[in-house]
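Colleague: The task is simple: from the sequences and hints, build the whole structure.
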Amino acid sequence: MEIQVRDEEIEMLLADVMDQYGYDFTDYAPASLKRRINRVCLLHNLKSFAELRWQLLNDPGFISHFVEELTVNVTEMFRDPSFFKTLRSEVFPILATYPLIRIWHAGCSTGEEVYSMAILLKEASLLHKSILYATDLSSDVVQRAALGIFPLAPMKEYSENYIEAGGEHEFSKYYVAKYDRVIFSEDLSQKMVFSTHNLVSDGSFNEFQLILCRNVMIYFNKTLQDKVLRLFDQSLHPLGFLGLGNKETIRFSSIEHRYRQINREKIWRKKT
Amino acid sequence: MEKENLTRMLVIGGSAGSLEAMLQFLPELKTDIHFAILIVLHRKSDAESTLSNLLQSRTSLTVREIEDKEAIQTAVVYVAPANYHVLVEKDLSFSLDVSEKINYSRPSIDVSLASVADAYGVAAAALLLSGANNDGTEGLKRIKESGGRVLIQLPSSAGVSYMPQQALNEISPDALLSTHEIAAYINSLA
Ligand SMILES: C[S@@+](CC[C@H](N)C(=O)[O-])C[C@H]1O[C@@H](n2cnc3c(N)ncnc32)[C@H](O)[C@@H]1O
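Respectively, the protein sequence lines represent chains Y and V. Heads up: the first sequence begins at 133 in this note's numbering, then just goes up one per residue. Heads up: the second sequence begins at 146 in this note's numbering, then just goes up one per residue.
Take these hints with a grain of salt, some might be off.
[Stated by the list, open to error] Calculated pairs, SDA-like style, for lysine to any residue (alpha carbon to alpha carbon, straight line, at most 20 Å):
id: 1; chain 1: Y; residue 1: Lys217; chain 2: V; residue 2: Glu193
id: 2; chain 1: V; residue 1: Lys246; chain 2: Y; residue 2: Glu244
id: 3; chain 1: Y; residue 1: Lys261; chain 2: Y; residue 2: Leu371
id: 4; chain 1: V; residue 1: Lys189; chain 2: Y; residue 2: Glu292
Since the hints were made in silico from the structure, they are not lab data. None of these values were measured; they are calculated from a predicted model.
Modeller: What follows is the structure, encoded as structure tokens:
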């Protein structure tokens, strides 16, 4: 039987995680947080809140599983192809005018989005003068992202997405299949820089012409969303671009008035 | 046992064969209802929001595909976007989630129902429609446990009877409705 952790218990747990491990989840969206915590109990066969808490405080290996489960790492290549198509047609021509293009993927998970971007940049002959900064809270996923190795099974779907996103070649030319995995070409990863970065507690680290943060802030409450949007605002070049997930918006946020949306896509351009 | 009419949120969950039913009862719904409606329908990914547009063409209630953290308003029909789970926060706004599929589905009916039960308690109602899948049963249990109202489409009247039948095997609903009875029942909640 599944246990249902109560709201007060979650508060206690988050305080523990903060004290002992330094991760601050207190401004995450409560409904999803609760669901993920219940799921951790189910996956680890923990029968009570007390068991969960004991495990968290006493098993040093447990925290990384806990964080990984809490922070949903599900991702895809070319998720929402029309987003990438619009990047290519509306944003790349402007990026092309800069001598050096800096792009930040905040919450890159296992890297599928970063490799998607590198492929499109390469086809637009922009990759050679780009740097893709790929960051995530979880060091595990960042390490996996850096390897450029992905499961083979979804490649057919990704290939369809790639074509819909305006891809110009045979998608399979970018990787080599080995057993049930594929390895992406090193040409693509050469321009990537991977590192951990926590959007809750870490600051700006560079100035970018394009920032993507897709399907990350859906796990935050409004207060934290606004704080992170301000961080992006500070980290964007004047006239830079911000890309969000398909059901996310900067409307009603404190940075809204300084941005203009591109073609009804989830892409906004800073006005100055 | 008659429950008071205090419904503030009605979730309608459906899979294969449920769209037909929805298109049938949606035009008959009153527009002055005092609750919000959340539609969680299994479907192929649908970047163009074709489902919301289709539903909007059949009702004068406002139909909206959910955006993250949107505040819930009464008399609006919210549609769970393709490829996202929909959760409800206690401040009565929506949160979206792209985590693993549940019952091979995202959006999953179970996921939404569990959080609606949590956020709305006795003010929640849920209607489970046609489908070939197991989704919804666990969620209906949660709605029931927290005192909400459980409605199930009569399996013999559903396009695909499996999903409502599964639920019926485990839960006794507050009402078992054939397709043509659904609109009147929903209107009576208002
Ligand atoms: C659902 S994935 C999104 C991946 C990709 N951007 C996409 O849209 O497919 C969410 C990612 O956000 C990361 N994340 C969650 N909280 C974070 C935080 N505070 N700082 C940085 N990354 C965070 C998670 O570790 C996870 O990898």
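Colleague: Each of the hints needs a verdict: does it hold here or not?
Modeller: Against the structure, the hints come out as follows:
1. With a C-alpha separation of about 15 Å, the suggested pairing of Y/Lys217 with V/Glu193 holds against the 20 Å cut-off.
2. Distance hint between V/Lys246 and Y/Glu244 is fulfilled; the C-alpha atoms sit about 18 Å from each other, no more than 20 Å.
3. In summary, the hint linking Y/Lys261 to Y/Leu371 is supported, as the alpha carbons are separated by about 19 Å, within the 20 Å threshold.
4. Between V/Lys189 and Y/Glu292, the direct Cα distance comes to roughly 14 Å. Compliance with the 20 Å bound is thereby established for this hinted pair.
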